[in-house]
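Undergrad: Going down the list, the sequences are from chains Z and P. Note that the UniProt record's numbering gives residue 386 to position 386 of the first sequence, counting from 1, and the numbers run on in steps of one. Note that the UniProt record's numbering gives residue 352 to position 352 of the second sequence, counting from 1, and the numbers run on in steps of one.
By construction, these hints were calculated from the structure, which means they are not laboratory data. Since this is a predicted model, take the numbers as computed values, not measurements. Fair warning: there could be bad hints in the mix.
What the hints assert, rightly or not - Which stretches of chain Z does chain P cover? Using the computed rule of at least three CB atoms under 8 Å from a CB of chain P, they are:
(1) 62 to 76
(2) 553 to 563
(3) 573 to 581
(4) 585 to 591
(5) 703 to 715
Even for Gly, the Cβ is constructed at its ideal location relative to N, Cα and C.
Given next are the chains, with one letter for each unit.
2 protein chains.
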Amino acid sequence: MSEPLFPVEPWVLRETALDTGLLPRTESLFALSNGHIGLRGNLDEGEPHGLPGTYLNSVHETHPLPYAEAGYGYPESGETVINVTNGKLIRLLVDDEPFDVRYGDLLAHERVLDLRAGTLTRSAEWRSPAGRVVRVRSTRLVSFTHRSVVGVVYEVEPVDGTARVVVQSELVANEQLPGPAHPDPRASAVLENPLRSLEHAASDAGALLVHETVRSGLRVAAHMDHRVEASDGVDVEVQAESFPDSGRVTFTAVLEQGQRLRLVKLVSYGWSGTRSLPAVRDQVRAAIVGAWHSGWDGLLADQRAYLDDYWAGADVEVHGDPELQQAVRFALFHVLQAGSRAERRPIPAKGLTGPGYDGHCFWDTETFVLPLLNRTAPDAAADALQWRRSTLPAAVARAQQLGLRGAAFPWRTIDGAECSAYWPAGTAAFHVNADIADAVIRYVDATGDDDFARTAGIEILVQTARLWHSLGHLGADGSFRIEGVTGPDEYSAVVDNNVYTNLMAQRNLLAAADSCDRYADQAAELDVSTEESAAWRSCAEAMHVPYDEELGIHPQDDAFIAHDLWDFAVTPAEKYPLLLHFPYFDLYRKQVVKQADLVLAMHLRGDAFTAEQKARNFAYYEALTVRDSSLSACTQAVLAAEVGHLDLAYDYAAEAALTDLHDLAANTGNGLHMASLAGAWISLVHGFGGLRDDGGRLAFAPRLPEGIDRLVFRVRHRGLRVRVETDGRQATYAVEDGGREAVVQHYGETLVLRPDVSETRAVPPVEPRPRPRQPEGRAPLPRSARKGGVAARET
Amino acid sequence: MSEPLFPVEPWVLRETALDTGLLPRTESLFALSNGHIGLRGNLDEGEPHGLPGTYLNSVHETHPLPYAEAGYGYPESGETVINVTNGKLIRLLVDDEPFDVRYGDLLAHERVLDLRAGTLTRSAEWRSPAGRVVRVRSTRLVSFTHRSVVGVVYEVEPVDGTARVVVQSELVANEQLPGPAHPDPRASAVLENPLRSLEHAASDAGALLVHETVRSGLRVAAHMDHRVEASDGVDVEVQAESFPDSGRVTFTAVLEQGQRLRLVKLVSYGWSGTRSLPAVRDQVRAAIVGAWHSGWDGLLADQRAYLDDYWAGADVEVHGDPELQQAVRFALFHVLQAGSRAERRPIPAKGLTGPGYDGHCFWDTETFVLPLLNRTAPDAAADALQWRRSTLPAAVARAQQLGLRGAAFPWRTIDGAECSAYWPAGTAAFHVNADIADAVIRYVDATGDDDFARTAGIEILVQTARLWHSLGHLGADGSFRIEGVTGPDEYSAVVDNNVYTNLMAQRNLLAAADSCDRYADQAAELDVSTEESAAWRSCAEAMHVPYDEELGIHPQDDAFIAHDLWDFAVTPAEKYPLLLHFPYFDLYRKQVVKQADLVLAMHLRGDAFTAEQKARNFAYYEALTVRDSSLSACTQAVLAAEVGHLDLAYDYAAEAALTDLHDLAANTGNGLHMASLAGAWISLVHGFGGLRDDGGRLAFAPRLPEGIDRLVFRVRHRGLRVRVETDGRQATYAVEDGGREAVVQHYGETLVLRPDVSETRAVPPVEPRPRPRQPEGRAPLPRSARKGGVAARET
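Working from the sequences, and respecting the hints, build out all of it.
TA: Written as structure tokens, this is what we have:
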């Protein structure tokens, strides 16, 4: 293929031809979502497909988790996102021939994801096996402003003669999935037909299906309705029918050459584990009526206005690298889609773009996704944290089960219960609690949201601080030690004094104590005594942070640097990711790092390291880090930029940004990697922009690699927008949209930004250092190579 | 219950009344086995039962091992021992009333396991619901001399009038088991009816059933035949019939008061995964014919002669403690039963007495059972090691899978494949390899079996040495370090430099190098170069053995003593065993010990510790050891005795010896604890006898606690028997049965024992030390309390 499949364009992702072999991947890339509803980019007619997918945030089924040897505290029940009623299906028959791209001739096919319009449009020209040529156009949106509503406009027009066209617009529940529904056969059996029909109805041009999930007991309703238009003189016959697992409205017309049939389809979704069937049914009916009130054009206009507002505060301009420009906007768009209307539901690792990781939410959300949302769509960040708060009862119960006080948030979950069947993650990866606390701290710092701080914020901080207090112990030397934990790096497990965990716990403990000082009444309600918060401070102050004086580096944990080095020289490329080819005990006992861990500590707790320590640590861990996780490149980009390896930072930024567009992990078909998409933004804004916001400050240290001429970005800060622009030699700061002044730092210098007055400062030169080495064969692709090599990678 | 259920008698275990609630336990205690065939002590008539059980060593079924989250190297298939065709069933009808102790009145009932006769006898007097009283007597044996043969004599006699008796002697396959066949439902489904009929036949007074297991593909044949006698003038009608899953021979007679029907039933078993159906059928037929040739009286006489020979070399006399006397003989009998005719098949953790641990063999066999067999029945020890050798191909393949050289023997298995679904055991518990090597070394030292040493012995030593060489690495300080291993203590896992593992690996490496020096040709065949064996020596010499200078103790592993102490004060009795009430991460990160680990190292590698280190280490680990495993008390007994805590050693010895007789672990119903039974002998012979046999020497250091007046034991040594007798003040040594002199040590003094000349030496006084403390509530029951308290415990 000499033409790139996705040409580089600033504001759209365009597919110029249909490659059915790439459908799993393009269905993820072209997924539409508002955080509440998610539609994979399946073709309107449903087939061929990689994986049909329609998701409602948190609609899941539970299933038994099997253990050949069970242990105390192992979760008994798993949760898996299910494919709910498909409302995007529109099938077409042309003179009785079904429009199916696998038959006849596809003369032209284009799909465009428009990042400003918030729509997926498709146009196709198809010659049926019988020789009739038709043009089909569709536009699909999942409304940001009407949270429960999906809309599709579907047009068909014969190009070369008269055709009898039949358009069947459908709702289909319990779609057949390719392959087993889950790798575990018992779970697969539960998930095969996850929906049980409760009610179905059809009338006029609409249909309604109500189902429930069998084990998790959630009621799911989908309602569709249509408006049809046709060229003058065309008679359209409409017929609606319903069955337990499907609803169908059929439009039949005879179109002469150039005549057009145009259908507007609106679908509304509702679900509840609590509300009655009539309540859920009424809810979807109301949503449809509300959407018709706006009408299709109104939905389109609202969608664009919503996105205009987002882009005004979120856009990142990358001059000199149009591919990275496109990638970061694609990333910003998808992260918004995952979070914008999740509204007290989780933001899963894959958003609502696919069933990967069973639809579970991990620490990825707090550590990678929320930093972006805090600075671009803070209400969405607040919602995600409110969801965490809503799961506190489950987290408190889990902590009790584990013999601890406070709250132990789950490693992976949909509804708040721990779903990890692997205990070194599901019990020992306690850092997730500090990650959530850190997200609370950063959200409050970024927004000044005092209501949040005094309600959800303090609750989360207090319960997580209690966890750390009960988890650690005072060593013989008086230091506070946290043992038996799994840090971010999944190639070590159940270690003692993981530096990342200890530093993040330290922040957590101090922030909880501070919060209790600030909100004394709320602290009292949470039964926090002055002794308790003083104890948190003592633990934080005494926190053990391992440091090796001889090497001048921080070991990832107590035992890490005494361990044997992984023998990279005898590890060929096909043995990666290592966890698929080596046993855990061997990974765990050697110096090999799956993903940034100590390096992530240097990003999120940069205050705990000197510049020289950062440089030495970075070089040390670069040589050990294999990036078998997509949660690594962006952090390595940030630290590479900070310690002065700008080319390397650029390589990592590109890797993070292109993870899905180039399918670098070969699993984009299961859904997009939200953390890595957010990582594209983190790489640019925290990396090249040098944004750090620890302790409430808003600090920048911009610097650019060769290849990026100019970088412009905005961040929201306490109701203001701060605009940062740099060409690598100087940086200009301005406050927008608020009429108040903002205080920022430029390389440690405090700048007071008055409205409409920009401040420009020189960028200090980067001290050259030798470029660190990565494990053999694991260096990132040089950006210089990638920039010329896109087309080659696609083939 | 005021009378003890099992009165203390020196040579029998007698049950004086039938308590059907105790059936699961008594079926295990009264199990008969020769290591090839195992019969639980089920009542002749089959019901009521705790758990019906008939086992053939290694006859198992395989089943998928389920994982909610699978990992590299996790075994896909499990193995579970199956209940094979039950040949011990003899049902009786008295005037059409089935003899069932749950109905009518049981006027008397006694069962006796005779440890010198090798039989289980039963006598019952029963009044049927219709009022007829009969006397039933049976004697059952599993022949030590006819490996494939089981015999039963069954007699019935009406006591108070004429009765029509029908005796149905049966073979039954696929017996219904109480409850699920396995805790995992998928495995249970596989194991529900594990046998598929291949052939069945009946003729004269016999019947034959041939089955095969569905997945593991093993053919199992059982053949029964009978001889019947009756009082003069009694006419006995005999009828034989067969069905796919049962064979039945029915004997019908009318007996007047005092007339007797006597039936001799012989059953032969055969199985093979290789040989054809006709071959297996012929084999069982031949075995029956051979057994009839001996006849019942011949079988009985052979059985007693076999046991006489065993007891002559194995008996331990415990004067002053008749309960312990009985217990150690019971233990010696059952360990012999588990191993005597296993013949290149494993000795499972439960022997063939029950389905506990799925019938798997663990390191228990090499570390606890073989020391006893080496000194009492060395051929059985050789057979068990030959079985291990036969599994070397699987162990080599497993090492390769784990990325290692040499052999990695399984944590648990029946046929040599790893069956552990818990990777911290199934991959990281590498000490099992050193345990097997140690058993090889000790067997060769004890027997001088040069043929074994130059064949199986060197192969095992070389392949295990290769494992250690590839598993460890040289640290920065030049020491050889073994990281990421799980030692014996299952409350720590995947640790660095477990002292036990490192010391045992050290011995393994040196022994392999020595063996290669001694058997150069065999070494060459195994491709051992001089460089390779020199490297083993270097690794052994550089072996890292952690030691804490400040505390003067050996930490169990690198990180152990830095860890927080388990809070025993807040751990109530009902929270034990801890692993059922606390998560792994918490157990692993704290100082709490499930079972002797460092203390076991001091037993098996006593040469690596000074006397003072032993005393300090023992005291330190006593305070942390909760004995949630039955593999602990005997080792604690041995070290307690060595460091001078004789009362404590006595307490532990009694605990080890009474584990099953008193059902201390509340799971004797699943089968007897072979390692703990062997531990009774270890406690007495290694503990109070002070036997140590490292490095080929035969050293003793006898000392007795108050309560044992005199201890006499024998050990086999290179074809001789050495008799040791002590009253605690002096010790007398003599060589028996060989006509050659033997060299032994008494407290370090070398004694040359000439035939028929005994040597007597004084026992040095024990230096008093403060009695160490155990974790709160976990001290062993004082032997003084136990001696008077048996009856109380039974209620």
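Undergrad: Against this structure, judge whether each hint is valid.
TA: A quick look at each hint next to the structure:
Using a Cβ-Cβ cut-off of 8 Å, 9 residues of the stretch 62 to 76 of chain Z lie near chain P, which meets the minimum of three, so the contact claim holds. Only when three residues or more bring their CB closer than 8 Å to a CB of chain P does the claim for the stretch 553 to 563 of chain Z stand; here the count is 4, and the claim holds. Closer than 8 Å: that is the beta-carbon criterion, and the stretch 573 to 581 of chain Z has 3 residues meeting it against chain P, so the requirement of 3 holds. Check result for the stretch 585 to 591 of chain Z against chain P: holds, 5 residues qualifying (beta carbon to beta carbon below 8 Å, three or more required).
Counting residues of the stretch 703 to 715 of chain Z whose C-beta lies closer than 8 Å to any C-beta of chain P gives 0; at least three are required, and the coverage claim is violated.
In terms of the numbered hints stated before, the structure departs from hint 5 and from no other.
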